[in-house]
Amino acid sequence: MTEPWWISLIKAFLIINLVMLAFAYTTLLERKLLGRMQLRYGPNRAGPYGSLQPIADLIKLIRKESFFPSSAIDLPYIVAPVISMFTALAAFSVIPFGAGWHLWHWHVDGEIANVSIALIVVFALGSLGIYGFIIGGWASESKYSLLGSMRTCAQLVSYEVSLALSVLGVVLMAGSLSLVDIVHKQGTTIPYAAPQVIGLLCFFVAGIAETNRAPFDLPEADTELVAGYHTEYSGMRWGLFQTAEYINMITLSALMVTLFFAGWHGPYAPLGPLWFFLKLLAVVSIFIWLKATLPRLRYDQLMRFGWKVLLPVATLNAVVTAALVVAF
Amino acid sequence: MPQPLDTVKGFGVTFKQIFKKPITQEYPEVKRPVYPRFRGRHRLWRFENGLEKCVGCSLCAAACPADCIRVVAAENTPDNRISAGERYARIYEINMSRCIFCGYCELACPFDAITLGNEYEISEYARDDQIYTKDMLLAPPIKRTPVADAELYDTPIPYYKEHA
Numbered sequence: 001m002t003e004p005w006w007i008s009l010i011k012a013f014l015i016i017n018l019v020m021l022a023f024a025y026t027t028l029l030e031r032k033l034l035g036r037m038q039l040r041y042g043p044n045r046a047g048p049y050g051s052l053q054p055i056a057d058l059i060k061l062i063r064k065e066s067f068f069p070s071s072a073i074d075l076p077y078i079v080a081p082v083i084s085m086f087t088a089l090a091a092f093s094v095i096p097f098g099a100g101w102h103l104w105h106w107h108v109d110g111e112i113a114n115v116s117i118a119l120i121v122v123f124a125l126g127s128l129g130i131y132g133f134i135i136g137g138w139a140s141e142s143k144y145s146l147l148g149s150m151r152t153c154a155q156l157v158s159y160e161v162s163l164a165l166s167v168l169g170v171v172l173m174a175g176s177l178s179l180v181d182i183v184h185k186q187g188t189t190i191p192y193a194a195p196q197v198i199g200l201l202c203f204f205v206a207g208i209a210e211t212n213r214a215p216f217d218l219p220e221a222d223t224e225l226v227a228g229y230h231t232e233y234s235g236m237r238w239g240l241f242q243t244a245e246y247i248n249m250i251t252l253s254a255l256m257v258t259l260f261f262a263g264w265h266g267p268y269a270p271l272g273p274l275w276f277f278l279k280l281l282a283v284v285s286i287f288i289w290l291k292a293t294l295p296r297l298r299y300d301q302l303m304r305f306g307w308k309v310l311l312p313v314a315t316l317n318a319v320v321t322a323a324l325v326v327a328f
Numbered sequence: 329m330p331q332p333l334d335t336v337k338g339f340g341v342t343f344k345q346i347f348k349k350p351i352t353q354e355y356p357e358v359k360r361p362v363y364p365r366f367r368g369r370h371r372l373w374r375f376e377n378g379l380e381k382c383v384g385c386s387l388c389a390a391a392c393p394a395d396c397i398r399v400v401a402a403e404n405t406p407d408n409r410i411s412a413g414e415r416y417a418r419i420y421e422i423n424m425s426r427c428i429f430c431g432y433c434e435l436a437c438p439f440d441a442i443t444l445g446n447e448y449e450i451s452e453y454a455r456d457d458q459i460y461t462k463d464m465l466l467a468p469p470i471k472r473t474p475v476a477d478a479e480l481y482d483t484p485i486p487y488y489k490e491h492a
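Quick note, the sequences are listed as chains B and X, same order.
Each residue of the first sequence is one higher than the last, beginning at 1 in this note's numbering.
Each residue of the second sequence is one higher than the last, beginning at 329 in this note's numbering.
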């Protein structure tokens with residue numbers, strides 16, 4: 001039984017807003033957690049315990065003047081952050097977050113779109129999102145932006161290979177590219193985190209690099225560079241890039257929960273979306289924990305690690321999994 | 329050489345920090361005491377009989393590297409005696425937005441009429457409000473800053489002062 005189109009529309013609207021809200025409060029969580037790990041309080045002025053800080057940041061960014069260099073190429077300069085933002089949000093549409101429910105006499109799916117090649121859709125949108133960074137850096141007409149976007153692209157392209165290869169093991173075990181099927185299969189057997197430990201580690205490391213998070217945050221490198229590809233951006237245009245980055249992180253965490261931790265299935269109670277949310281929270285916290293702990297890699301170390309360690313390990317994992325799936 | 333074990337140990341360190349009390353002193357609520365010799369907002373002084381110590385000699389204005397002091401002197405008359413000397417400062421203004429709090433005015437003053445206090449909360453919404461007039465400088469500061477125990481922090485008397 002399929003759901004009518006208007007339910008999908010309402011759901012899409014809800015999920016987009018929820019993801020935006022999740023983004024806003026991920027920034028707060030990050031600042032709070034980083035603060036505590038560095039013996040600080042983090043933001044605690046706006047609202048009780050700083051709970052209105054993301055709202056204050058948003059208002060500040062929107063009210064700021066969005067100026068741009070006079071030599072910038074207008075259309076691509078303005079479109080670039082929108083592309084990044086759009087692809088980041090669109091990728092979340094295939095993530096399943098619940099088993100599906102019956103409301104009155106309609107059926108509501110636990111995801112916005114049940115695509116049979118959902119995994120490929122996520123990776124394709126991730127690759128498209130890189131265009132936002134390329135175009136943004138190039139259209140700024142600034143050498144620092146251009147160099148920054150080159151650096152970003154080199155990193156994203158080289159780690160994308162490992163990222164895609166690391167999930168191959170899961171795809172082979174589940175025998176499907178559909179995220180809904182993968183979650184169902186894990187519900188009946190075990191979460192793939194156990195048999196696919198190496199795949200999980202590869203996915204996690206490649207994922208950190210894909211989302212420009214510490215210790216692979218070379219595209220931004222706050223303490224060393226200005227900002228990389230978004231040097232010339234300000235106001236909410238910069239905010240869109242930042243939002244895209246965080247939503248990419250959330251999507252990647254959601255993908256990790258879906259592929260390796262059985263999505264909305266939980267051990268004790270069938271909480272559905274709540275389990276999904278809790279697992280997502282845990283993974284996002286680990287991302288932040290990493291940022292507080294590890295120093296940034298050098299660029300050659302990053303490239304060497306990506307091509308000489310991560311890629312062979314991910315490939316080997318896929319090949320061994322394939323052999324084992326065929327054998328048993 | 330990569331040291332994977334030490335890297336893992338690092339995660340333990342950062343995790344343990346979460347449960348410690350942050351060392352942040354939250355400023356507007358908690359004001360750290362300043363050193364006794366901290367140089368803040370200026371103060372003009374009077375004698376105990378109410379006469380101003382300042383005689384309007386403008387030495388402070390001459391000493392000021394930021395050129396933020398303006399003094400206009402006038403003669404004391406028998407029926408209008410304001411300072412202890414022949415003249416007094418009819419206008420005495422300090423532009424706090426230019427002042428660099430070097431304390432040279434204090435050093436230059438032959439009558440110890442001007443000193444630098446401990447107050448540092450002197451921000452305003454308008455630049456005009458940063459110009460302190462004589463009345464403001466003569467009055468005690470509105471905001472008080474906690475000052476640390478002088479005995480703990482005051483430096484010993486310098487050699488050149490003892491053997492002058």
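Calculated directly from the structure, the hints in this document are not laboratory data.
Some hints here could point you the wrong way.
Unchecked claim - Calculated cross-link-like contacts (lysine-lysine; reagent style DSBU-like; alpha-carbon spacing at most 30 Å):
1. Lys-60(B) - Lys-359(X)
2. Lys-337(X) - Lys-308(B)
3. Lys-344(X) - Lys-291(B)
4. Lys-359(X) - Lys-462(X)
5. Lys-143(B) - Lys-60(B)
6. Lys-291(B) - Lys-462(X)
7. Lys-348(X) - Lys-143(B)
8. Lys-359(X) - Lys-349(X)
9. Lys-349(X) - Lys-64(B)
10. Lys-344(X) - Lys-359(X)
Which hints from the list above does the structure break, by number from lowest to highest? 6, 7 and 9
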